[in-house]
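S.K.: Residue numbers (this note's numbering), protein chains in the order written: chain X, 1 to 290; chain V, 1 to 309.
These aren't lab readings, by the way, just hints derived from the structure by calculation. Even glycine gets a Cβ: it sits at the ideal position worked out from N, Cα and C. Take these hints with a grain of salt, some might be off.
[Stated by the list, open to error] Label-pair ranges, simulated between beta-carbon atoms:
id, chain 1, residue 1, chain 2, residue 2, range
1, X, Pro51, V, Pro233, 24 to 32 Å
2, V, Arg305, X, Glu123, 16 to 24 Å
3, X, Asn151, V, Ile223, 47 to 55 Å
[Claimed, not checked] Here's a subset of chain X near chain V, in silico, CB distances under 10 Å, partners left out:
id, residue
4, Ile42
5, Trp46
6, Pro49
7, Val146
8, Phe183
[Claimed, not checked] Counterexamples of contact, computed for chain V against chain X with all Cβ distances above 10 Å:
id, residue
9, Thr17
10, Ala53
11, Lys59
12, Ala112
13, Asp130
14, Phe146
15, Asp175
16, Pro228
17, Val235
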Amino acid sequence: MTAAVEQVAGRSLWQDAQHRLRRNRAAVIALMLIIGITALSIVGPWAAPHPYDTLNYDFIAIAPNLAHGFFLGTDAVGRDLFVRILYGVRISLMVALAATTVSLTIGIVYGAVAGYVGGRLDEAMMRVVDVLYSLPFMFFVIILMVVFGRNIILMFLALGAVEWLTMARIVRGQAMSLKNREFIEAAIAAGARTPTIIRRHIIPNLLGPVVVYVTLTIPQVILVESFLSFLGLGVQEPLTSLGVLISEGADEMETAPWMLIFPAATLAVLLFSFNFLGDGVRDALDPKDR
Amino acid sequence: MSIASLALRRLFTAVPTLFIIITAAFFMMRAAPGGPFDSERALLPEIEANIKAAYDLDKPLVDQYFIYLKRVVRGDFGPSYKFKDFTVNELIATGFPTSLKLGGAAIILALALGVSLGTAAALRQNSLTDHVVMTAAMTGIAVPNFVMAPLMALIFGIYLKLLPVAGWEEGTIKDMVLPVIALTLPYTAYIARLTRGSMIEVLHTNYVRTARAKGLPERRIIIRHALPAAILPVVSFLGPATAGIITGSVVIEQIFQVPGIGRYFVQGALNRDYTLVMGVVIFYAALIMLFNLIVDLVYAFLDPRVRYK
């Protein structure tokens, strides 16, 4: 009896969430797919028989061909599609990582300060977010790409700068509700200063919703990067991205449908997996929605 | 707060926002390394000076900004840098009717289809209908339109030969089917999800139970009692949805070769046609804000709590 009670009491929020996530089959499959695709994109290009940028004039736009090592065929100038797709995945994952980190950093600091400090400052800061929200941001990212050339680093920053708004709102809401909890009162009573409280007590305690939002931001960022690359405003030759490959494939789909289907399927699987994982994490961390 | 004062207050925030957009767009464009005429062959210095004078590029930056601002306030976006002999206004005027037709059809379809599918799923929660609709919705949300569009063109245009792969001759229904569906799919999906969620919630409220207790027919309960409340989150989603459909139409017009504003915009962006890109961005921004305003007013009209807050 006592032992059982102890066991139940011993499970933390995170262990609980982990347990619930593991029981969600869609989320587990999604997570395994993400890990598999990530591993393949890291190891694959190194192990594949062809480099990503070699033109093979004897094998222009051929269908998948195992004998010559073109597992998914070649593109219009004879480059190996398999390796190019893996490079595209690398770019997508890199963008996801970098842009999400940027949006996370800005969003958490901004939201935590606004929510915890409150009052006039909060009102002013949230008004800024409201104004930014109503801007057609995609067009600003496009202007940035037009103006400063198609620079990958800039794209990371631009995408991160677009995505932080929602994060800031979520964090602010959490910070406001945390503000009145006893442990914050205790910290104030102990003489901790505001920046210390935000850094040591507020931010660590709002990780739950943040984790959920991060898993849902990742597919968003991947999608925007592919969108820009599809229009020719993202990653440039000879490097490639899934958006570029899909756009090239769409041009050749009548004669070489694999050039469209494989990159499109890869992007779809990637986005699906992140969306399912995001939904799973949300269900796991937010018992209200169960 | 009356609806009129709400509208007025929104207009007061819209004007500075638009001003920020114009200013940011202008200085971002001017911060660009290299001018719009750099790629052309080397010109005689006198001719270059003439061109620059014609576009006011010889004046100090701040003066250029005020010249541009004054023009924009009068609704004049200036000449296009790359489409010679055309003003940006002319290009927007040529493309807008087509884009409006495409985007309007997409929004109406998303609303009609999304709300009915969402309601159907909510009424038969956890049934086969529900699962099918929600799986389809997940697909619609997760797969972006620039992936869906070429795949649909491949299947329905090339393999089944049912519909034209691309093209837009005066916008016949046949030409419109694929672009409109590709454009509307993510929003139909999202609206279906929103409607399902809020409908399930509304169906559990007391006033719906009262209506049932009164013995009203189910149809009437849903249409007259439940739907107006369940549709509120959909109405507030219409603002972002319009912005998304406008952005999406850029790519859809490109894929299906629809002669709308989006195609000019992409060409302008690839050619560094600064006036065109800025003109389209400002035009779209104004359009999105106008639509947001309308949405807010409709929301206030539908939900008395907003009015009397």
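S.K.: Identify every previously stated hint that the structure contradicts and give their numbers, smallest first.
M.R.: Violated: hints 1, 4, 5, 6, 8, 9 and 14.
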